[in-house]
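4 protein chains.
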Amino acid sequence: MSKVRVGVVGYGTIGSRLADAVALQGDMELVGVADVAPTLPLRALYESGVSYRVYSVDPEKVGTFAGAGIPLAGTLDDLLSNIDVALDATPGGIGAKMKDLYRSHRVKAIFQGGEKDDIADVFFHGYANYEKGIGKDFLKLTSCNTTGLVRAVDALDRAVGMEKVAITIIRRVADPGDTHRGLVDVLQVEKVPNHQCVDLMKIMPHVQATGLLVHTPVTHGHIINLVATPKKSISVEEVIATLKQHPRIRVVKIADGFNSNAAFFQYARHMGTKRADMYEIGVWEECIGLSGKDVMFAIYIPQEAVTIPETIDGVRACLPMQTDRLEAVGLTNKYLGMHLRP
Amino acid sequence: MSKVRVGVVGYGTIGSRLADAVALQGDMELVGVADVAPTLPLRALYESGVSYRVYSVDPEKVGTFAGAGIPLAGTLDDLLSNIDVALDATPGGIGAKMKDLYRSHRVKAIFQGGEKDDIADVFFHGYANYEKGIGKDFLKLTSCNTTGLVRAVDALDRAVGMEKVAITIIRRVADPGDTHRGLVDVLQVEKVPNHQCVDLMKIMPHVQATGLLVHTPVTHGHIINLVATPKKSISVEEVIATLKQHPRIRVVKIADGFNSNAAFFQYARHMGTKRADMYEIGVWEECIGLSGKDVMFAIYIPQEAVTIPETIDGVRACLPMQTDRLEAVGLTNKYLGMHLRP
Amino acid sequence: MSKVRVGVVGYGTIGSRLADAVALQGDMELVGVADVAPTLPLRALYESGVSYRVYSVDPEKVGTFAGAGIPLAGTLDDLLSNIDVALDATPGGIGAKMKDLYRSHRVKAIFQGGEKDDIADVFFHGYANYEKGIGKDFLKLTSCNTTGLVRAVDALDRAVGMEKVAITIIRRVADPGDTHRGLVDVLQVEKVPNHQCVDLMKIMPHVQATGLLVHTPVTHGHIINLVATPKKSISVEEVIATLKQHPRIRVVKIADGFNSNAAFFQYARHMGTKRADMYEIGVWEECIGLSGKDVMFAIYIPQEAVTIPETIDGVRACLPMQTDRLEAVGLTNKYLGMHLRP
Amino acid sequence: MSKVRVGVVGYGTIGSRLADAVALQGDMELVGVADVAPTLPLRALYESGVSYRVYSVDPEKVGTFAGAGIPLAGTLDDLLSNIDVALDATPGGIGAKMKDLYRSHRVKAIFQGGEKDDIADVFFHGYANYEKGIGKDFLKLTSCNTTGLVRAVDALDRAVGMEKVAITIIRRVADPGDTHRGLVDVLQVEKVPNHQCVDLMKIMPHVQATGLLVHTPVTHGHIINLVATPKKSISVEEVIATLKQHPRIRVVKIADGFNSNAAFFQYARHMGTKRADMYEIGVWEECIGLSGKDVMFAIYIPQEAVTIPETIDGVRACLPMQTDRLEAVGLTNKYLGMHLRP
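Chains as they are written, first to last, in this note's numbering: chain A, 1 to 342; chain B, 1 to 342; chain C, 1 to 342; chain D, 1 to 342.
Keep in mind the hints are simulated off the structure, nothing from the lab. Predicted model, so just to flag it, every value in this text is computed and none were measured. Misleading hints may appear alongside valid ones.
It does not matter which identical chain is used: a pair holds within one copy or between any two.
In silico lysine-lysine, PhoX-like type, Cα no more than 25 Å apart, as pairs [what the hints assert, rightly or not]: (1) K191 to K164; (2) K231 to K164; (3) K3 to K191; (4) K164 to K97; (5) K253 to K191.
Given these sequences and hints, build the entire structure.
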């Protein structure tokens, strides 16, 4: 069976990770990656010896790649002529401009959370609404916080039913090394409800959600604290057991050294994963408590990598490669090495 | 009527503010302040020309004050011989060692939240349990987070009854200028429940509380997000109206520029308050929402100044100066200039 | 003798401080302050009870001030019709647009460092080149870093002659409470030479200067480390003595508790100065060393307040009020309370 | 030829990296690693499938490893009985206690910079004084800042001779994920000269050095700005050419995206190196300038990995494996993949 041909447009924080994830899928072929300039990630790609084909988005800027010693396989048109699906990882808002190009090349496309909802036929989450994405031309992924949030709420919802959630998002304000965004010694609040709650209700309309978002001056992942009202009572132990069964949720203990968002990052560094990435969201056993019938628990969201698996799920849905939700996410997980720990 | 004679032991972050607050009370006399060394706050006090009498805690270190040009009025024994109440603002754990000294001088004492509960006869909060402190020899104040938290919960509890709260504390990890504590690019979690919830239940045993605490690398005040379950339904407007009536709660709008914890600090700087301090906790109108019957709202806690009014309330209770709760807190408020805004 | 009439345009970080400084000058009258909207500083001004007259920059936005309860004395035109000098503290680049307005009202104007050099007749520093500003219509102040840097280099230059300086600017990247700028966990470098060196050479053309600037995620003041080559040898003790004689330089000791940039801020808080401001730059005695004939020492720059005295000097120069440099800066110092410490 | 047998004692930030580096050397065998507890790095090692033999430092704590599912190869005694050299990466000060143990097992040992100088026979730097370490029983490495600093100064010294340096160390105050150290919104100064200058003069006694150290709230590497006085004049181009020839120095351009300390970290993430590590120090071309005859340039120090190559050099020296400096460092470089870029 021939592999599905995938291209990645935009080789930045998300695009570079998407490229690696596609390359790991046994049933997909990474045709190449495109960007407007020889950015640091592309220079690192080249120096590392990984041989992805690189395409120039802007035909007039071909020379800048040559200047950086990065050989080009062609322009964006060349890439789009050779793929079935484009993974759009351009900066927020640019995807809308790219859509016509994708359409004219008759390639399907999956956009990230920075685009407006109406760019796509369906607002997609691999685990929560895979079926809605099947056969669609244009999918839009949930944002990083929403992707992780929906993973956790969907897991509990499928176990015991979920009525409502009230959440506090402690948001990292910039990615590591980002010099374009930042806060110093400030906790900045946004008015309620945050968009992540609104988005959760779009994906899971039967759950009521509200929440506060607070920007904090850190880079190594968001923390969301949920006060979740289940339809039937659930014990702390059952919450742990339910979340542990999810291949994209990692349940850890403060007692073992996981005492922060950054501890996950350090763990991944010592694991030797590329870019010290972790696709899973995290949950601390000691941070789960009950408030009456409500369950309170906190999740860790690795903002750079968390949407990667669900984007790969999107490739499976839109073509479609699989029509069964669990078969699809299971394949994504297998190729990404997201096996359950013993 | 002669004024109550008050001494402050420890002239650091809390003690320096207590001294100023006592000096503002029309019915109290600040006899003096004591410390172990000519710290920066004492040097600033001296340069500023404010003429508080300064006492040396350690008779053998009298010379270090002379070296800094700071005239001494005597030693700690001299101070304790001349006062009715000692406000202990020594570092956490030292108060326990000071207690015998206070007792031997037959002075009452009020300890801060860093001491263990059993140091005192009562765990005290001016608004929530004033009556319990009346006539007692030793009071212990709630910590900064708990003081602000109890203020808010008590206000709503007196209005509509409060059943339970699930809270997320986004804690500032160090005070401005602190070089002894800190975190860099880390959100550190603690196991649930945090001590502030446990302490709230000690002060308000009829309210169930749980919560998560996350340390964040900022200095300008904690933010606590509460999911509060009232006994009867309450609208957002009623929450606003209730909190606005409280002289120690300041309700503000993001739209007016209060978009962060630090905005309160900046506002106080422009107000010209000493040390840019604000005694009130803050609430953002736009951050109040409903989750079913539950009310979600966030409070800002100015950790350096928030316990000052309730400590002054403690002086009123322990002697006692007033036996009526509202009369007592009203006098504290009046002398501190905590009038309600129009 | 009638007082010089001064208006402040822009009531933000710099403008609010300029207004207070003008109000303190015995020979100046603060006619009023103008801004485009009822910002937090204006709201605080109003709540604090200080009665500066407030003018609306935009006649069409008069209503927003009424909405905030802030009474207006008129529009910017009204203010400009009543003053001799405008202190422009509008955001960088806006001053250029205001200049025509100032000219049409025949008022002199002093711009801050965010404007381009060609906006003014002279690039001005009160201590280093007061004479050049005498009688000029338009002055531009040096930026905060350059103002402090020139203060220190000028002091040593007048004492022993200065040949060259190589500096490292460790720059605070945002002001306290700023949510528009920031870095998280990043030290960002700029190419050499930084503009502060170039600017120093414009003010002091006989000194050669180069330097590196590194942005750091802090708010409480820049630190500049200088490697200065004097014309004749100078000892550490002579450096200390020279700098101590300067009314706008504060020499402190780490051993006394001044161990950071923020220690100055904390000291000012405990001093009770408005906004915890300090006009002086700081120097740590223990951070002065020799490298051969070169002197190495570090200065602390309180970015929010440091340019205020030199701006007031500018008012004295441009009208002129004084033609003697030392008489002029001496009066500014006297009214601002910048006396030498014993 | 049989391989040299090496053990690593302490599997934390440094020890884990030393283990990987030893495992990469074609002429060394990593016998195993020892630690007191199943820390996060050890748990990650185990989960990652890397099969280093793990030894328990404390025989009584063997059970904690079993509890974490980590199989033990034995105790520290077992490890020491099987190796030629111990790389001590225990916390600062512990090495002194371990030395007797190493001696009693007749194994040589290399200590890190956190120990006192007198722990070792020689204070060692692979490039600068390799010869002094030949055949010695106990070496102590320079600290991270000093190792990088000496690399750069030694490179220029061998090219044109170096007379003196005056440096400004902008120090990262904590490693990523560290919850034991930190500063928030503070630039903390230390008295001059910093120990790195003193240490440089111990390694290179013919160079005069002084400097200031400023702690900053970041984690991704120190920056040192040097004002270096060469014995004969050197141009910026010659500095670039000299540093580019050094296999452990990476010369980059801001224009290419390397605009900060964290940019190196991000680059390494995209390169896919383990833990996003880089052994090289960095130099920005645009940050090199002249101040008269002096050269000013800034270096980036990746504190977690920078001492690894020089420690491996130490293994080569102490046994000795090579007696020629360039042969030794060349082999280390080869096995670590530190080839010069084209």
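Hints, one by one, checked against the model:
For the homomeric pair K191 and K164, the shortest alpha-carbon distances inside one copy (19 Å) and between copies (24 Å) are both at most 25 Å. In this homomeric assembly, K231 and K164 come within 25 Å of each other (Cα to Cα) both inside a single copy, at 9 Å, and across copies, at 19 Å. Taking the shortest alpha-carbon separations for K3 and K191, neither the intra-copy value of 46 Å nor the inter-copy value of 47 Å comes in at or below 25 Å. When the C-alpha separation of K164 and K97 is checked against a cutoff of 25 Å, the pair qualifies neither within a copy, at 37 Å, nor between copies, at 49 Å.
In this assembly of identical chains, K253 and K191 lie within 25 Å of each other by CA distance solely across copies; the values are 10 Å between and 33 Å within a copy.
Checked against the numbered hints given earlier, this structure breaks hints 3 and 4; the rest are met.
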